[in-house]
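Visitor: Top to bottom, those sequences are chains F and L. Mapped onto this note's numbering, the consecutive letters of the first sequence carry residue numbers 1 to 550. Mapped onto this note's numbering, the consecutive letters of the second sequence carry residue numbers 1001 to 1182.
A portion of the hints provided could be inaccurate.
[As the list claims (entries may be wrong)] Lysine-lysine pairs mimicking DSS-like chemistry, simulated, CA-CA at most 27 Å apart:
| id | chain 1 | residue 1 | chain 2 | residue 2 |
| --- | --- | --- | --- | --- |
| 1 | F | K75 | L | K1099 |
| 2 | F | K458 | F | K187 |
| 3 | F | K426 | F | K253 |
| 4 | F | K45 | L | K1081 |
Hints listed in this document are in silico derivations from the structure and should not be mistaken for laboratory results.
What follows is the residue order along each chain.
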Amino acid sequence: MKRVNAVVVGAGAAGGIVAKELAVAGLSVVLLERGKWYTANDCRKDDLRNQRTTILGNAFGPEDEGNPRVWVDAKGDAHTVLPSEGPYQNDASCVGGGTLSYGAQAWRYMPQDFRMRSTYGAPAGSSLEDWPISYDELESYYEKAEYEIGISGDYSGTPFHGQRKRPLPMPPLPPGREFAILEPAAKRLGLHPFHIPMARNSVPYNGRGPCMRCRWCVGFACEVDAKNGSQNTVIPIALGTGNCELRTECVVKEVLTDERGRARGVAYFDEIGHLQEQLSDIVIVSGCATESARLLLNSKSKLFPDGLGNRYDQVGRNLQGHHYTGAVGYFDFETYDDVGPGATIAISDYNHGTPGLCGGGMLANEFIRLPIHMIDRLPEGTPRWGLGHKQAMREWHKRCIQIFGPTQQIPTAEGRVTVDPGVKDKWGLPVVRISGNVHPHTFEIGEVQAKRAAAWLKEAGAIHISTMSGKPEVVSAGQHQAGTCRMGNDPRNSVVNRNCQIHDVDNVFVIDSSVHVTNGGFNPALTIMAVAYFASEALVKNWKGTGFRG
Amino acid sequence: MGSRGNAGQVTRRQFVAAGALGSAALAVGCKSGNWEFLTDTQARTLGAICDQIVPADDFPSASQAGVLNYIDRQLMRHYRKHRGAYLDGLEQAEAMSRKRFGGELAGLSQQQQLEIVNGLSEQNSTFFGLVRNHTMEGYYGAPRHGGNRDGVSWRMLGLPEPPVRGRAQYDLTKHDPSGVAQ
Chain F
1 MKRVNAVVVG AGAAGGIVAK ELAVAGLSVV LLERGKWYTA NDCRKDDLRN QRTTILGNAF
61 GPEDEGNPRV WVDAKGDAHT VLPSEGPYQN DASCVGGGTL SYGAQAWRYM PQDFRMRSTY
121 GAPAGSSLED WPISYDELES YYEKAEYEIG ISGDYSGTPF HGQRKRPLPM PPLPPGREFA
181 ILEPAAKRLG LHPFHIPMAR NSVPYNGRGP CMRCRWCVGF ACEVDAKNGS QNTVIPIALG
241 TGNCELRTEC VVKEVLTDER GRARGVAYFD EIGHLQEQLS DIVIVSGCAT ESARLLLNSK
301 SKLFPDGLGN RYDQVGRNLQ GHHYTGAVGY FDFETYDDVG PGATIAISDY NHGTPGLCGG
361 GMLANEFIRL PIHMIDRLPE GTPRWGLGHK QAMREWHKRC IQIFGPTQQI PTAEGRVTVD
421 PGVKDKWGLP VVRISGNVHP HTFEIGEVQA KRAAAWLKEA GAIHISTMSG KPEVVSAGQH
481 QAGTCRMGND PRNSVVNRNC QIHDVDNVFV IDSSVHVTNG GFNPALTIMA VAYFASEALV
541 KNWKGTGFRG
Chain L
1001 MGSRGNAGQV TRRQFVAAGA LGSAALAVGC KSGNWEFLTD TQARTLGAIC DQIVPADDFP
1061 SASQAGVLNY IDRQLMRHYR KHRGAYLDGL EQAEAMSRKR FGGELAGLSQ QQQLEIVNGL
1121 SEQNSTFFGL VRNHTMEGYY GAPRHGGNRD GVSWRMLGLP EPPVRGRAQY DLTKHDPSGV
1181 AQ
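Whenever a hint applies, use it, and build me the whole structure from the sequences.
Guide: Listed below in structure tokens is the structure:
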């Protein structure tokens, strides 16, 4: 197989951008993706089998069969779990990764989100740290992501965001009924509601049409291709250069290294299960936080007996996602209009600045409401079955609003990914083993956030309110997973440097949410994209023909 | 996964599943061709339980809306792992019914059935929890999976069936902030 300049492992939010940036710069690229390439025609609108509601499995991978993981619970007992089960912490495996089927909120983190330790100090038992890069350094890359991927929305209603040079490229979609109910209530409370930034066309953009407002966004591929991910933006551009080859259904076994410890390519199983080697000058790992860590840990050699880049036992640590809390309000009038995308209004007043709390999170109304979601979302005291339950479904389905948000997690070194010593996947590769729990301060923040959501709903006229703020005994990662190959200046407590280059190995990069030091109080996709543009630019600048000098 | 075998294969698979779990469920009833996994007897018992979970009122009950189709199909597919729990739980429900009222569950009055199902939810909460969730899925989930016949539960909730598939449903030029055509 022809040697190339770069192998990119994983065609998700980050991998797609890296492939495009390198291919445009003239490097030859092979982009390997373990899943398939779905299109808008694969939107099945199946409420029981999609990427959000996985009762009958994941729509966009991985399949339950042959892809187990091991989850270690709070008592220390290990369980084998399947991709459609919660503790698996799944993210989609397909071209586009999570961006094919995400809700497509496209947030910038706030300046304080990159300076969490300096701002708050590290709570006992946490591994809270600052990023080695700042919001100001990322600002122009956020902008690049907003314009290349295509983001609609309007930040003008709120002062709570970092400085920005240009507005978003598309206006927000017209507001729905929930927006009309929630906006004046938030303003009466002195809050600053605004239109959520979304990777969704509100007007024709990038050669594709606007959203048709069907409300089947999160968990589904967009039927009219108005939702923007790497699969319909940067990856087609990468392929169009002629410098990038995309190979789907290819599962990477390990990063191959030479006797000096530098990468010489990857070994992977192709779509018919044959082991192949793709040699390259550099390797970029973009497989998402759990799978990128697994690949490095499975890449063992004489120089790296515990896995590539794992000299200081840092690979896999600080796994984090978001702790979602909020409230459901029940109204004596209809709140439901069935107009997509559903989530339209947010506040970021509570992301920072509450005395006694290390951060917070944004709060927004929920995307999709299907009957199957409502069966366990009825007012407290409703019978779980029988005539009373059926009547409550009729009474409340169209008369409730859910507000919730991603509480920024306080990371710990014990929340982590390792590889299981026993369980293997269908290719014979050791699987991800997830252990640890959420830092208790995260729960304290989440509880306050739930009360704030309840107060907003009460002001909006809710007659009953149920708060949602559990203390799940499982590390939170899922579709917002991050942090396993943290970026930093000190090799003893980080895995990659500020350019996403592994400290020990100058031609291996990790570019995806794995490098997030902390994960903000927002959906992480746009930050993953901005970091990918930032790291790609540094990589291309340091590229010297066929060799790499970092 | 998901292939529909002929009746002979179904019987063999069920025999293997049941045999492996040491259940005596095969002793009752025989295959009728109505179901992929269940026997007619098991289906009657399950139907009685499901209809206590979603009873009939102005709108159909669980079994009237096809929930048994949903559960039966999934026991051959995604819920193969729950076969043992079903076979044992259905047998337990029948045993409780015979002991308390001297007859099969499906033949009892609504009040008697409710009493048995209440007892079942206490004595075998794992099985009952499964049936409760699977009944909700079959009743409120998409008709494509065999339940929610003609989208009856969605129409009960006042939702369009088939689900709204786009802008054609709305007049976005109207000043109503929701954009919903009146």
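Visitor: All hints are to be evaluated individually against the structure, with a verdict given for each.
Guide: Now the hints, each set against the structure:
no. : hint               : verdict
1   : F:K75 with L:K1099 : 40 Å, violated
2   : F:K458 with F:K187 : 13 Å, holds
3   : F:K426 with F:K253 : 12 Å, holds
4   : F:K45 with L:K1081 : 25 Å, holds
Of the numbered hints given earlier, the model fails hint 1 alone.
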